[in-house]
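Asks: Let the sequences and hints guide you as you build the complete structure.
Number of protein chains: 2
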Amino acid sequence: MSYNAPLKDMLFVINELADLSAVHALPGCEDATPETVEAVLEENAKFTGEVIAPLNFAGDKEPSYWKDGQVFTTTGFKEAFKSYGDAGWQGVQHPVEFGGQGLPKLVAAPCIEMLNSANLSFALCPLLTDGAIEALMTAGTDAQKSTYLQNLITGKWTGTMNLTEPQAGSDLAAVRTRAVPQDDGTYKIFGTKIFITYGEHDMAENIVHLVLARTPEAPAGVKGISLFIVPKFLVNADGTLGARNDAHCVSIEHKLGIKASPTAVLQFGDHGGAIGTLVGEENRGLEYMFIMMNAARFAVGMQGVAVAERAYQKAVAYAKDRVQSRDLAGSAGPVTIIHHPDVRRMLMSMRSQVEAARALAYVAAAASDVAHHHPDAEVRKSNEAVYEYLVPIVKGWSTEMSLDVTSTGVQVHGGMGFIEETGAAQLYRDAKILTIYEGTTAIQANDLVGRKTVRDGGATAKAILAQVQQTVAELVAIKAGAGTHAADLQVIAQQLEAGAVALEQVVDYVAGNMKSDIKAVFAGSVPYLKMAGIVLGGWQMARAALVSAQQLQSGTGDASFYQAKISTARFFAEHFLSQAASYRTAIVDGSVGVLALSEDQF
Amino acid sequence: MSYNAPLKDMLFVINELADLSAVHALPGCEDATPETVEAVLEENAKFTGEVIAPLNFAGDKEPSYWKDGQVFTTTGFKEAFKSYGDAGWQGVQHPVEFGGQGLPKLVAAPCIEMLNSANLSFALCPLLTDGAIEALMTAGTDAQKSTYLQNLITGKWTGTMNLTEPQAGSDLAAVRTRAVPQDDGTYKIFGTKIFITYGEHDMAENIVHLVLARTPEAPAGVKGISLFIVPKFLVNADGTLGARNDAHCVSIEHKLGIKASPTAVLQFGDHGGAIGTLVGEENRGLEYMFIMMNAARFAVGMQGVAVAERAYQKAVAYAKDRVQSRDLAGSAGPVTIIHHPDVRRMLMSMRSQVEAARALAYVAAAASDVAHHHPDAEVRKSNEAVYEYLVPIVKGWSTEMSLDVTSTGVQVHGGMGFIEETGAAQLYRDAKILTIYEGTTAIQANDLVGRKTVRDGGATAKAILAQVQQTVAELVAIKAGAGTHAADLQVIAQQLEAGAVALEQVVDYVAGNMKSDIKAVFAGSVPYLKMAGIVLGGWQMARAALVSAQQLQSGTGDASFYQAKISTARFFAEHFLSQAASYRTAIVDGSVGVLALSEDQF
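Chains P and U are the protein sequences, given in the same order. Numbers 31 to 632, taken from the numbering used here, label the letters of the first sequence in order. Numbers 31 to 632, taken from the numbering used here, label the letters of the second sequence in order.
No lab work stands behind these hints, which were simulated from the structure alone. Incorrect hints may appear among the rest.
Where chains are identical, the list cannot tell them apart; a pair therefore holds if satisfied intra-copy or between any two copies.
Distance condition first, Cα-Cα at most 16 angstroms in a straight line; then the derived EDC-like pairs of lysine to aspartate or glutamate [said to hold, decoys possible]:
no., residue 1, residue 2
1, LYS545, ASP357
2, LYS38, ASP630
3, LYS38, GLU73
4, LYS549, ASP357
5, LYS112, GLU80
6, LYS350, ASP630
Replies: Encoded structure:
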């Protein structure tokens, strides 16, 4: 169950596709020199590989458990989390003034990936804490910031997001938790929250719950929701811990996967009221929560990449080790199964999807950095639009991809894959939550259709597609001189162009039919999201192939790495990009079949 | 967790697509009148729904366990199995002379489906027993038949298949278990077998192990394997049980799913030698085992349909019950989630795949019946070829489909899907074995490529495709008069024709390139299998739409059922058949990318 961070591919993507040099040149990102970034990633790889990864299988065998209101995490988690905080990893992307490292998201993204490859269950605690930090950074008062941020960023305390209630899953308009204002300016919180990740645990001194609730006079629906800080232990004026707050874990869930990560039911106010303080202004809670959610959605997308990478590594190791049957081309005795074409196909399918999704996510992270730091407002705005367009795709597509890759990972192991001790099945079970939490794939697709495509009439999508066509032109231009790889580049260019054309038709359809036939458009929303992931992930693979061909022409660098990159891009083009036309049909023509049946015909 | 057998769809497929009237007309199938078949299925639906289905979740929570060499099954399994045998269900497709009902495979197939929808873990015991019965029917001596068949067919005893050994997974050439001839004509068996389903349990008085082993002078490889009967308890001449044989269960596996079904490691001969008797001739064991395997492969394909059907029913029930968010078209309050377009899309995806796979499997079963019973040798031969072509597709495609459908089933449940108590996750875990055991999907694809396509130069595939084109022509002919469904039928015809053309190109490629580039052909073997499943499953849906349109024109029958069938066929056409061109690319052009990397580039 070892994990070796794919540093070479990560650095290739960071430098060649996500353009670290441009990010490094941004005001506030000066510390992110190529040397520093490489050193940070190497250290992170070492830490996650040596300290966190070995706890992954143990967490599945010996999950967190609840007893008398307390949650006890897997043996070793507490110590590992302390090391994580002490080494400064919680602070990678957070401000130096509160104890962070102040590095760009482009550096945080691979760190998030490594931690999640090492241990998805463990990584959820830092992931949620990151979200709490982001929300407080944006909307907290100075007092709230000074009380909470340093402790969250150094890993002394952790954070949670409290949205869901039994009657309100994805529908936050239905939130019922009450916040009653008190004379001292605080609020008393009453209600039940479910599915609260790390809502209770023994890994930190305090837990900072960020809770959505309604004040007495609040309007109905999502416009009447406010955000509150409700710490597990109240914090005294001097920063020391005070009384236990009235926020209690009444149970944790028995889940398919990520078993080491406690999923809590939290009861607020059963003993007089949990004391909370308002974050920002009343009734703007959803807006602040979206800050957390956007950060968390990107991170969950990285979880998809991460668990798929781990499954890929495990499958490769098994395929190189397991001896079974003869080589088709003829051999005296049995060979390792990596010699068998279908095992190759499975491994290439896993590899190419992981590389494509990683590249797309890191490129999105770089766009976020430019959007935050670039001196030119127009550049910030256009990069913000690109990032916002990509977030639901990174979240939705990378996680759907991870279901396929972890399933294939089990398949590569044959019968052994079905035996829990092998470990492949755990990754398959763990991954299944990723398409559900932080907004299901359908919720991501709603966002992609509504806010990200229809709102600007498809302008951002088309701006991105113009860049895709530019890559097609560059591939066509270079292929004549690409020697043995000319045919590969030609195939990639053809499939990418066809994919871009099909995606543009879909964007026109989505933007053009929302008003006239909203149900038909949303009937194709998830296929649109998946198709966008494939085309834009394929675009990144094509860009990678282009860079690799250029490097091979110039004779610099690791020829084997570049050749493999081109071949992997070709595989992706013929096995995934080729699906674009089918998606176009399903989206543009296929809504009739989706919506034809009446309820009683099911 | 209730299960209601989809009798209406089953009977539609049996009568309209698989042509029960033709099967009923075969010599030896006279008992299978439409009335009898309907009555048998209704009784089976009742039995599986009331007796077997309620044990499904219990089996997951309280799996079979091993203690001191004995395996204790889930509470209630023993009694349920006795009821199953007493009611005659084990004997549905077996000869009347040995206590069976002698019904055709076309009737057995829906019974297998129902039992597996009710409880995959439970159904494995009858499934393996069926295989043992088939092998003994074909190759057993009269004495062996009279000793074992009646007891197996009435459910008094059960059967197992012992192929796999630790060093020999899919590669039976590597089997090492030894069979040493004794003076009395028996053999002493020594060796270890793994992954033996129901290799030990407490549900029957005796277990009849069919074991592959090598005699001392046997040639190496698969041509030196013989098949032996090694009962758990030796059987006296008068049919009573004698001494405990030296075949012992040393452990059972800790698995991802089908936890109630014990997967045994069996140790033969550790205490002097297990006594076995030869089945048929020495060194022909693999041939006999293939009889079992072919029956079992078809049955595992039915398991795919079955678990997918159960997941579909569960998802529909949840979608009609769970209230969440407003209707997109505008509504005062929140609605049940079946109103949301993406939930519809998921349900239609599940429904259409299940219906397509069911229809293809039943049609294959009918071909098997004709192949066994038709008076004309040529008709027998051509139907045998069709059945043989379809078996790896039914096994491989239906089970791969079940992974997708059970995954979508969890997704429909949202966060609740990830909670084990909901039950959706169990189906997801249970299904995962189906693409692995009785030959992985790659093994099925090897069979489809090698024995079923290349051997006859693609002749059988093309004969089937000629029938597909006939359906296209009939769709085109009827659509003008199909009223409101004309557009649906046109879409179905277009997608089916495109799929058939693409599949024919693939068949030509496979048959034409095997000699020149065997690795390239096998690099596309699994995509070929999946594509064949989609095109031929889509063909059955198209045939169903055609029949439905005819019924609607004539004004007979249940209009709502026929309308839903046409819409479901259209959904399948645009969302699945439309993938055929992409598969063609992946198979015909995509092998370069599959095979490009050297081992050290992984």
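Asks: Each hint needs a verdict: does it hold in this structure or not?
Replies: For each hint, the structure was consulted:
no.: 1; hint: LYS545 to ASP357; result: between (58 angstroms within a copy, 15 angstroms between copies)
no.: 2; hint: LYS38 to ASP630; result: between (55 angstroms within a copy, 15 angstroms between copies)
no.: 3; hint: LYS38 to GLU73; result: within (14 angstroms within a copy, 62 angstroms between copies)
no.: 4; hint: LYS549 to ASP357; result: between (52 angstroms within a copy, 9 angstroms between copies)
no.: 5; hint: LYS112 to GLU80; result: within (15 angstroms within a copy, 53 angstroms between copies)
no.: 6; hint: LYS350 to ASP630; result: between (52 angstroms within a copy, 10 angstroms between copies)
The earlier numbered hints are all upheld by this structure, with none contradicted.
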